[in-house]
Amino acid sequence: MRAFAELLDRLSLTASRNAKLTLVRDYLAGAPDPDRGWALAALTGDLSFTAAKPAFIRKAVEERMDPTLFRWSYDYVGDLAETVALVWPSRPGANREPELSEVVDALRGASRTEVQRLIEGWLDALETTGRWALLKLMTGGLRVGVSSRLAKQALADMGGVEVAEVEEVWHALHPPYEDLFAWLEGRSDRPCANSPGRFRPVMLAQAIDEAVDFAKLDPADYAAEWKWDGVRVQAVNEGGVRRLYTRNGDDISRTFPDVLEALEFDGAIDGELLVMRDGELASFADLQQRLNRKSVDAKLLMNFPAGIRAYDLLSEAGEDTRVLPFAERRKRLEAFVGTLKTSRIDLSPIQAFESWAQLAELRSAPSPGDPQVAEGLMLKRWSSIYEAGRPKGPWFKWKRDPFLIDAVLMYAQRGHGKRSSFYSDYTFGVWTEGEDGARALTPVGKAYFGFTDEELKQIDKFVRDNTIDRYGPVRAVRADLHHGLVFEVAFEGLQRSTRHKSGVAMRFPRISRIRWDKPAGEADELRSLERMLEQMEGR
Amino acid sequence: MIRPESLLCPKPQGLYCAPGDFFIDPVVPVTRAVITHGHADHARAGHGTVIATRETLAIMAERYGEDFAGSTQALAYGEPIVRDGVEVSLVPAGHVLGSAQAVVRWKGLTMVVSGDYKRRRDPTCPAFEPVSCDVFISEATFGLPVFRHPDDGQEIARLLRSVAQFPERSHIVGAYALGKAQRVIRLLREAGWDQPIHVHGALERLNQLYEAHGIELGRLEPATSTTRQDFAGAIVIAPPSALADRWSRRFPDPVAAFASGWMQVRARARQRGIELPLVISDHADWDELTATVDEIRPGELWITHGREEALARWAELHGIKARALALVGYDDEAED
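In order, the protein sequence lines correspond to chains D and E. Here the numbering used here is used: position 85 in the first sequence is 85, and no number is missing along the way. Here the numbering used here is used: position 185 in the second sequence is 1185, and no number is missing along the way.
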């Protein structure tokens, strides 16, 4: 438990992905079976308990100390698990510190009253960090920022294999994953991946470099289709086992019962999850209503019906089609989708073109209807097999040019890790007319990348030299009609937002240029953003 | 029996002893001052006469210049002075080098002003000595049951594990210039870290002063050297403010650590962007505060500053009369 607790403790305060990878990799390499397997399951969200309700924990601690002193402590710390971990009067020698696997085993077999007695015994035996980790695990609130993708990467690093290899077997394995570790440590062969309904690691595209790549590529070798603005998914039905996965292999089946019901086939398809109404695509904002929900109700299902626009076939009736060239797979996919009786799954149409110039025209002026909401185009080599990862050459994405506005820097926040001495997270605003008719800035977004290290230094200096107020790690920066720093901000789309005072929210905003030359008063107005939004909605 | 308030009473300037005409740790310049230790919120410049340990006087001279007071009187631990029938002596408080409790006796009444103190071992100063008394006047910086400082060896071991785990990064440990920095360095030496430790310029003079008082810090190097790569795998000690300062940019992807009792609370660490909190404090934690009061069993407990209400409640629950003085000017956020 001690090593797991220390891992959680470090992860909870570590922002950098690389540092997290090191922490997880080293833990997995050093901890024994089956503890590390349970820890892995806890990190990836495949193991959680609701054995201890907050009310029980509170009652248990108040039996051991003055309730008033507890209340003051809780008020000061603000987090129940952390407060209890700190104030719990430990009884060293009362018991032996439990290992993670003992905790898991005990909880699986115990009744509710037994569980409470067990938890109290463990809290007596553990030290502060151990108690904190135990309580976080018990109350199902780990939240240490480890995605399943990151955990799989750490496993790959530990075993010196490609992450796709881990993904290939992942869904055939179960906690505490002893066969997985045996393979990664070279003690056995790779576990068999053949479990029905499993996830297959996805093939990703390189961004095209217009200046270099087109000269080397023959248009006849490539198929083009729209790059749909939804969520990449893999939909599987094998022997009645239905699953819907994200591109990282996270199982989102439960969130999309409507889509799952439509998987009346035997095979695995690759496609885009979208909200579709009568075969017409809705915006990403509509899809967002469906994402990250634990439960879905009938009203949500009706108002935001989801479906899949299919673009690849990975398996059909037990046959692995990934080894076939794309041209072959595409034919098989068309036939496959053609036999389906649902309107929730349709085909992503291939766009015919003769030359790159013709394709460029299509990209800059998409035809009316669905293509209006596409993010750009995808290029796939007709001869390419379906290869996990991001190989260079077979698939390219050619994104639409981003939207641009000029906005004024309003607040800057200090970054983390490498950037902890830099004001590197920027809130920027555009001009609006206040009730009194005076022009004022209203914040419209936040960005923390898009600039070079050298530019970061210059912006940091500007922030320090022009600070007008401080709130903890945040500085308010002078920004008025005559003085301020203008950013050209690039973004992928706009949607209405009730959470932002300005009423609009940007997708993927980043700094595209720093306009040292531009007077702050000449930055954009909120009206221009509203006009863009109307155009997008009125397509 | 004399009322304790006639010997010591709280005033805006600090605790005042009327019969002996002196203040203890006054926050503004006064004629006569007894100073418990050298931290800036307790030891200020400009008093007429300062009575303190030799070490505390040396620290004040280092910080404020030789002319920091009209005159000074050095007291060895346990050596009493008497004036107008009031006896004052200084007893180790275990807080930082030279730190003392002020023991004040008058007409059979004994009052002890703890200053800032801790009970656990500190390789840079002698340990706290409990003195039996009628009134114990305690600090309560960490006077809440959430503050339970772990063993400092365990915290140093976590730092060294992190250094081993991230050899390509440097570890910058924020530590207050007086006391904490030297204690962290000594603890690292005791844990077997024999490589040079890099120190921020603001720590150099106090480091030298500690060494002159026989506390060996091993090889220290200024954290100003040549190429960036020099600092990969290095441990750097700096004042806490330097972590967020432009100064820290010379280090490769540094791990920000902070040695402080406040690091017990995760939100505090997060607020300051600390990646590796080290709970190492020069103040008594909740268990030390309550154990000390229990051990001394004073007739009355007075509490100078910090989270007075919780310690006062604890004392009342344990049958000891307690009173919160709510003295202002002692900055429990800055020091430790």
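Just so you know, the hints here were simulated from the structure itself, not pulled from any lab data. Some hints could be false.
Reference excerpt, derived from the structure (chain D facing chain E, CB under 10 Å, subset only) [as the list claims (entries may be wrong)]:
(1) LEU13
(2) THR14
(3) GLY78
Remember, predicted model here, so these are calculated numbers, not experimental data. Virtual Cβ for every residue (Gly too), placed ideally from N, Cα, C.
Comparing the hints with the structure gives:
The closest approach between the C-beta of LEU13 of chain D and any C-beta of chain E is roughly 5 Å, which is under the 10 Å cut-off, so the hint is satisfied. Checking THR14 of chain D against chain E by beta carbon gives a least distance of about 6 Å; that is within 10 Å, so the hint holds. At about 6 Å, the closest approach between the beta carbon of GLY78 of chain D and any beta carbon in chain E falls short of 10 Å, and the interface hint on this residue holds.
The structure fails none of the hints (numbered hints given earlier).
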